[in-house]
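Asks: Listed here are the chains, written in short residue letters.
Protein chains: 2
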Amino acid sequence: MKEYSDPTVQDIVSAQTHVYRFLQPTPLYRYSGLCDLVGTDVWVKHENHLPVGAFKVRGGINLLAELTTEQRSAGLFTASTGNHGQSIAYAAREFRARATIAVPERSNPGKVAAMRGLGANVIFHGADFDAARQWVSARAAEEGGYFVSPTDESLICGVGTYALEIVETLPDVETIIVPVGAGSGACGVCIVAKSVNPRIEVIAAQSAQAPTMQLSWAAGKPVTASMDTFAEGVATRVPFENTQRIMRKYLDDFVLVDDEEIKSAIRQMLEHTHNLAEGAGAVALAAALKLKDRLSQRKTVIVLSGGNLSSEKLRTILA
Amino acid sequence: MKEYSDPTVQDIVSAQTHVYRFLQPTPLYRYSGLCDLVGTDVWVKHENHLPVGAFKVRGGINLLAELTTEQRSAGLFTASTGNHGQSIAYAAREFRARATIAVPERSNPGKVAAMRGLGANVIFHGADFDAARQWVSARAAEEGGYFVSPTDESLICGVGTYALEIVETLPDVETIIVPVGAGSGACGVCIVAKSVNPRIEVIAAQSAQAPTMQLSWAAGKPVTASMDTFAEGVATRVPFENTQRIMRKYLDDFVLVDDEEIKSAIRQMLEHTHNLAEGAGAVALAAALKLKDRLSQRKTVIVLSGGNLSSEKLRTILA
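Chains A and B, in that order, give the protein sequences.
Counted from 1, the first sequence has number 220 at position 220 by this note's numbering; the numbering is strictly sequential.
Counted from 1, the second sequence has number 267 at position 267 by this note's numbering; the numbering is strictly sequential.
Calculated from the structure, these hints are not laboratory results.
Keep in mind that a hint or two might mislead.
No copy is singled out in the list; a pair is fine if it fits within one copy or between any two copies.
For lysine to any residue, the following SDA-like pairs were computed, each having C-alpha atoms within a straight-line distance of at most 20 Å [stated by the list, open to error]:
id: 1; residue 1: Lys299; residue 2: Asn242
id: 2; residue 1: Lys263; residue 2: Arg315
id: 3; residue 1: Lys299; residue 2: Gly117
id: 4; residue 1: Lys263; residue 2: Leu37
id: 5; residue 1: Lys313; residue 2: Ser264
All chains, full assembly: derive it from the sequences and hints.
Replies: Next comes the structure, spelled out in structure tokens:
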């Protein structure tokens, strides 16, 4: 396994070799309906078009590619609310490794089915991600397996490849808005954007019903907050130290959007792009709408990080 | 403009040069949920991931690339229920040509807005596609513009590039199911599949509430039928002669699926792939479910031709 301190843009460039063995770049599209709505030139980065429907799979591939044969054959253990787990399950299958994934008890059933469909051993444990994580990390230690933290540096480097695609496709991008769960995506974007052109503004966004990462970033120290969002992709209760450190170094701003604003953004994304966004996937659009005045005349990219919304939630949101 | 008799696989291979200047190949993904549902190995060809959300854009690009400068600067005229018009509007913008598009009076508002957003001059005329087509074709003649038939050979060659992608990605594909509106997609698939490996079975599908293309194919002569489907992408009332000729030569079967089966397939596509399919885009899945027994143990590709379903229709279908 490659040794990392905080990842650099060179590490992300290196990750491309692994990522593009299995995946192809995702589209970056401009939709006139969204431009009218936000009042500026808005582009959508379609991470929902990847296998497993979310950006995380880039990280899973890079991590598995960087593990040693011994680490891979010891089996992987991780916890997830869904997309990270699907990513590890997908990558483990490609590399013929075993994956054990702990998920919170009331997890998105479609995401759980998808993990199982990819051959992972899925175990329900605990009320939320952090509870599942503690439990499975102990289990990995007992069984001598490899525990994957959702903010492992090689995951950050893998997911950072989408940020390289953004600046290559749209070199004059001025603002990138990215949702934050554990922060790997936001870190990838920060590292790339600030290395390529420090004037690119990077804004992170999270649900106001799960503000721990935002509060910790603003306070400059870990703050635990209540967590009660429908958007499991950004449902973090305990902040992650390494992604906080990177975000403190690079991030321009970090905003909160209400769950109701996220639901409205899901409807608008469907209406204007015909793409299904899960809660986390609509957070960047919700933030863009909230920051409308500030984004005026700025060429803006919003990251549609994932599309794995359950039909049940969709029905409720459209009703 | 290149002269065509019926297009060959070589013509489609040549179209790749034009198409990939503007577009990238679309993914072909296997979803375990759909495999369980259909009872065989099912792959989805994601033409909904293209700009404008439908396969047609490949044809528009190829057509504009093949026109002479004089033809382009005379302006393009066409009729459309939506996706063909978006394709021509998109390609016209890329090639800096003017596009006038006649649409039936009660057209999908999102598709109309998208055409206008791409800079096309959209005119509402007539109750259905065929009425709009007659009118705009006369107008093109008056104004000396270039009239684009939705089954123009260079459109068939452009859209056929997705069929090349299918056989390249999944060389052991055994059955491909493709929806039929005017038939350009089905022709592209037939020509490619039968040239590459005649044992690949190609099955076309259309709505039972708009069966003219199926009835004409089965009868071996033009049959006009009533047309009353919600799925505007397959809402053909008058059959197209050139695509009928190609389909008669190559197609293995042509099935009809009821509008209610199409709506159910839209729900299943959302549930298992988290992709929004418009009616036409769900026709192939509806057909696969209907042909379940026959597809058993056959590696099957279904073409998700487009995703431009209006939010209003989606809400009704989910309710």
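Asks: Indicate which option fits the pair Lys263, Arg315 if close means a Cα-Cα distance not exceeding 20 Å: within, between, both or neither.
Replies: both (11 Å within a copy, 15 Å between copies)
Asks: Could you figure out if Lys313 and Ser264 sit no more than 20 Å apart (CA to CA) within one copy, between two copies, both or neither?
Replies: both (13 Å within a copy, 18 Å between copies)
Asks: Checking Lys263 and Leu37: alpha-carbon separation at most 20 Å within a copy, between copies, both or neither?
Replies: within (16 Å within a copy, 29 Å between copies)
Asks: Checking an output row: Lys299 and Gly117, CA cutoff 20 Å. Within, between, both or neither?
Replies: between (39 Å within a copy, 17 Å between copies)
Asks: Cα distance capped at 20 Å. Does Lys299 pair with Asn242 within a copy, between copies, both, or neither?
Replies: Neither, since 29 Å and 45 Å both go past 20 Å.
Comparing the model with each earlier hint shows a violation of hint 1 alone; every other hint is respected.
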